[in-house]
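Asks: All chains should be modelled from the sequences, with the hints used to inform the complete structure.
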Amino acid sequence: MRYIEQQTVVKRMNGRLIANSIFKYIFLAATLIALLALVILLYRIVTQGAGHLSIEFLTNFASRFPEKAGIKAALVGSLWLMLVVAPTSIILGVGSAIYLEEYAKQNRITTFIRMNISNLAGVPSVVFGLLGLTIFVRALALGNSVLAAGFTMSLLILPVIVVASQEAIRSVPGELRDASYGMGATKWQTIVKIILPAAIPGILTGSILALSRAIGETAPLIVIGIPVIIQFLPAGVMDTFTALPMQIYDWSSRPQQEFQTVAAAGIIVLMAVLLFMNSIAVIIRNKFDKRY
Amino acid sequence: MRPSVQEMIAQSNGKKNKKVIEKIIPIILFLIASVSVLTSIGIVLTLIVETVTFFTRVPFFDFIFGTTWLPFSNKEAQFGILPLIVGTLKVTLIAVIVAVPIGISAAIYLSEYASENVRRILKPVLEVLAGVPTIVYGFFALTFVTPVLQAVFPEIKIFNAISPGIVVGIMIIPMIASLSEDAMSSVPKSIREGALAMGSTKFEVAWKITVPAALSGIIASVVLAVSRAIGETMIVSLAAGSTPRLDGDFTGSIQTMTAYIVQVSKGDAGYGTTIYYSIYAVGFTLFVFTMVMNILAGYVSKRFREEY
Numbered sequence: 001m002r003y004i005e006q007q008t009v010v011k012r013m014n015g016r017l018i019a020n021s022i023f024k025y026i027f028l029a030a031t032l033i034a035l036l037a038l039v040i041l042l043y044r045i046v047t048q049g050a051g052h053l054s055i056e057f058l059t060n061f062a063s064r065f066p067e068k069a070g071i072k073a074a075l076v077g078s079l080w081l082m083l084v085v086a087p088t089s090i091i092l093g094v095g096s097a098i099y100l101e102e103y104a105k106q107n108r109i110t111t112f113i114r115m116n117i118s119n120l121a122g123v124p125s126v127v128f129g130l131l132g133l134t135i136f137v138r139a140l141a142l143g144n145s146v147l148a149a150g151f152t153m154s155l156l157i158l159p160v161i162v163v164a165s166q167e168a169i170r171s172v173p174g175e176l177r178d179a180s181y182g183m184g185a186t187k188w189q190t191i192v193k194i195i196l197p198a199a200i201p202g203i204l205t206g207s208i209l210a211l212s213r214a215i216g217e218t219a220p221l222i223v224i225g226i227p228v229i230i231q232f233l234p235a236g237v238m239d240t241f242t243a244l245p246m247q248i249y250d251w252s253s254r255p256q257q258e259f260q261t262v263a264a265a266g267i268i269v270l271m272a273v274l275l276f277m278n279s280i281a282v283i284i285r286n287k288f289d290k291r292y
Numbered sequence: 001m002r003p004s005v006q007e008m009i010a011q012s013n014g015k016k017n018k019k020v021i022e023k024i025i026p027i028i029l030f031l032i033a034s035v036s037v038l039t040s041i042g043i044v045l046t047l048i049v050e051t052v053t054f055f056t057r058v059p060f061f062d063f064i065f066g067t068t069w070l071p072f073s074n075k076e077a078q079f080g081i082l083p084l085i086v087g088t089l090k091v092t093l094i095a096v097i098v099a100v101p102i103g104i105s106a107a108i109y110l111s112e113y114a115s116e117n118v119r120r121i122l123k124p125v126l127e128v129l130a131g132v133p134t135i136v137y138g139f140f141a142l143t144f145v146t147p148v149l150q151a152v153f154p155e156i157k158i159f160n161a162i163s164p165g166i167v168v169g170i171m172i173i174p175m176i177a178s179l180s181e182d183a184m185s186s187v188p189k190s191i192r193e194g195a196l197a198m199g200s201t202k203f204e205v206a207w208k209i210t211v212p213a214a215l216s217g218i219i220a221s222v223v224l225a226v227s228r229a230i231g232e233t234m235i236v237s238l239a240a241g242s243t244p245r246l247d248g249d250f251t252g253s254i255q256t257m258t259a260y261i262v263q264v265s266k267g268d269a270g271y272g273t274t275i276y277y278s279i280y281a282v283g284f285t286l287f288v289f290t291m292v293m294n295i296l297a298g299y300v301s302k303r304f305r306e307e308y
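For the record, the sequence lines run as chains A and B.
Note that UniProt numbering gives residue 72 to position 72 of the first sequence, counting from 1, and the numbers run on in steps of one.
Note that UniProt numbering gives residue 10 to position 10 of the second sequence, counting from 1, and the numbers run on in steps of one.
Hints are computed from structural coordinates only; laboratory data are not their basis.
One thing to keep in mind: the hints can contain errors.
Chain A side only, calculated, beta carbon under 10 Å to chain B, not exhaustive [as the list claims (entries may be wrong)]:
{"hint": "1", "residue": "LEU28"}
{"hint": "2", "residue": "ALA34"}
{"hint": "3", "residue": "ILE40"}
{"hint": "4", "residue": "ASN107"}
{"hint": "5", "residue": "VAL127"}
{"hint": "6", "residue": "ILE135"}
{"hint": "7", "residue": "TRP188"}
{"hint": "8", "residue": "ILE222"}
{"hint": "9", "residue": "ALA272"}
{"hint": "10", "residue": "LEU274"}
{"hint": "11", "residue": "PHE276"}
{"hint": "12", "residue": "ILE280"}
{"hint": "13", "residue": "ILE284"}
Note that CB positions come from ideal geometry on N, CA and C, so glycine has one too.
Replies: Below, the structure written as structure tokens:
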């Protein structure tokens, strides 16, 4: 008795092999669609906006006339925003991560904090805007200042920094810790002099990626009432300001066709800032990767 | 003579401030860690308090069952949220139709077919796609996708649900692809090799072995992506319009919950007006939607995980 009917197997084999090769290309095509979308997006924006890019575009304030419209206030405003967001979010994020990884006992409070951080990461950014509007703008009376926007953004990116820092701290080998304790160092000395220096590349990479999210985020700024047309630069953190994505949003939503070009030029500037930040993150990651 | 190490340790242990530091630092760090908890409490309290004020002016049932959203009407403002929810769901539906097949196919390709080199190129590209600010996607939807759609289907208006839906879909592809790929990569190699040894083709291994085994992770990734699509703001603000409506039309202007919040924030809704409080009620509804999705994703990936 033959267990395998050769005829049947051969007949079915063809179909299976054809399906196999067809689907391989379907899956590849799907992946390439995502790639294609990115290429089209970048190509469109560069071809639309490159013509408007000039030194004047970077040094002019916003204007009613598209040909005179510049991005100075927004660019400087975004830098001011980062000046608040970077220290606030990194101190809060790294502090939380150190607590959770080094000090927290395995109890309900710790589990609650962990769960809470992962839930916070799923809250839409526009809702963070509502929080900022109530707490920072109104309750603490910060108005639509750099400080109010900066605090709101810091809370928005906090979960990202906490998770990245936790991973970085966790990947520091236990021997380093043991050796430090063995030499008589206290816990805090070990953290400051051994663990943090070893974890800093991971922490920095995660933080820069989080900050680049904050630079491109628009919705919370709109909700807390950051203005768009500003003809001066902020002199301090209590001054009002505008930011790159706000300015781009304003230009994109204007009906005149000319402003689309200006918006595209603004997007090029924003993407250049993001590219710069991401390259720093990649350089840090490659330079310090796998030291242990 | 130099002091011995033991003496030095004894000496430094005698220093008071060092002990104090060791005691104070954990407390400070605990306070820092509780900022995230305070943030959550802040979000929930803010939304609840302002929403309750809203409900003193607009009856609760009129809000959740009302079929007309006419907040800016001078005569008789109406706050029935259903049109905004329907608008959000329209965009989300199209995003899911675009992103789920592409995202999961890309995940299968990356985890089952791609060589290490190809993966090393494709994964960063997906990361870049995930890092593009949503305002840029919004601009793309308004100035490229909509005109292209209009060229093919002339009945589509300048503001519609389809174009932002497609672009939100593109935005969530990386999320589905990378989370699903993680789930598929964690399926043990031995199972795949077993199937291959039995004479399965690569496609059969992917479709009948890997995907079912990683299904909980794949579904969780889709649910998380849906949550992201619901909360997406800038793409719909720029490209979907501001016409809340309760019908099945995808080709004309609609309004989503997020876009309404932006529309009101952009204008000058005076503090204390009903319109001002309405953005909190809408925000609260949005928050509930995304929370339910996030909890569901966590539940699915825990409850239905295949353990090997």
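Asks: A separate judgement is required for each hint: does it hold in the structure or not?
Replies: Here's how the hints hold up against the structure:
1. LEU28: holds (6 Å)
2. ALA34: holds (5 Å)
3. ILE40: holds (7 Å)
4. ASN107: Nearest chain B Cβ about 12 Å off; hint violated.
5. VAL127: holds (5 Å)
6. ILE135: Given a least distance of 6 Å, the restraint on ILE135 of chain A holds.
7. TRP188: holds (5 Å)
8. ILE222: holds (5 Å)
9. ALA272: Constraint on ALA272 of chain A not satisfied, violated at 12 Å.
10. LEU274: Hint holds; LEU274 of chain A Cβ to chain B Cβ min 7 Å, cut 10 Å.
11. PHE276: Hint violated; PHE276 of chain A Cβ to chain B Cβ min 13 Å, cut 10 Å.
12. ILE280: violated (14 Å)
13. ILE284: violated (15 Å)
Hint check: violations occur at hints 4, 9, 11, 12 and 13; the rest are consistent with the structure.
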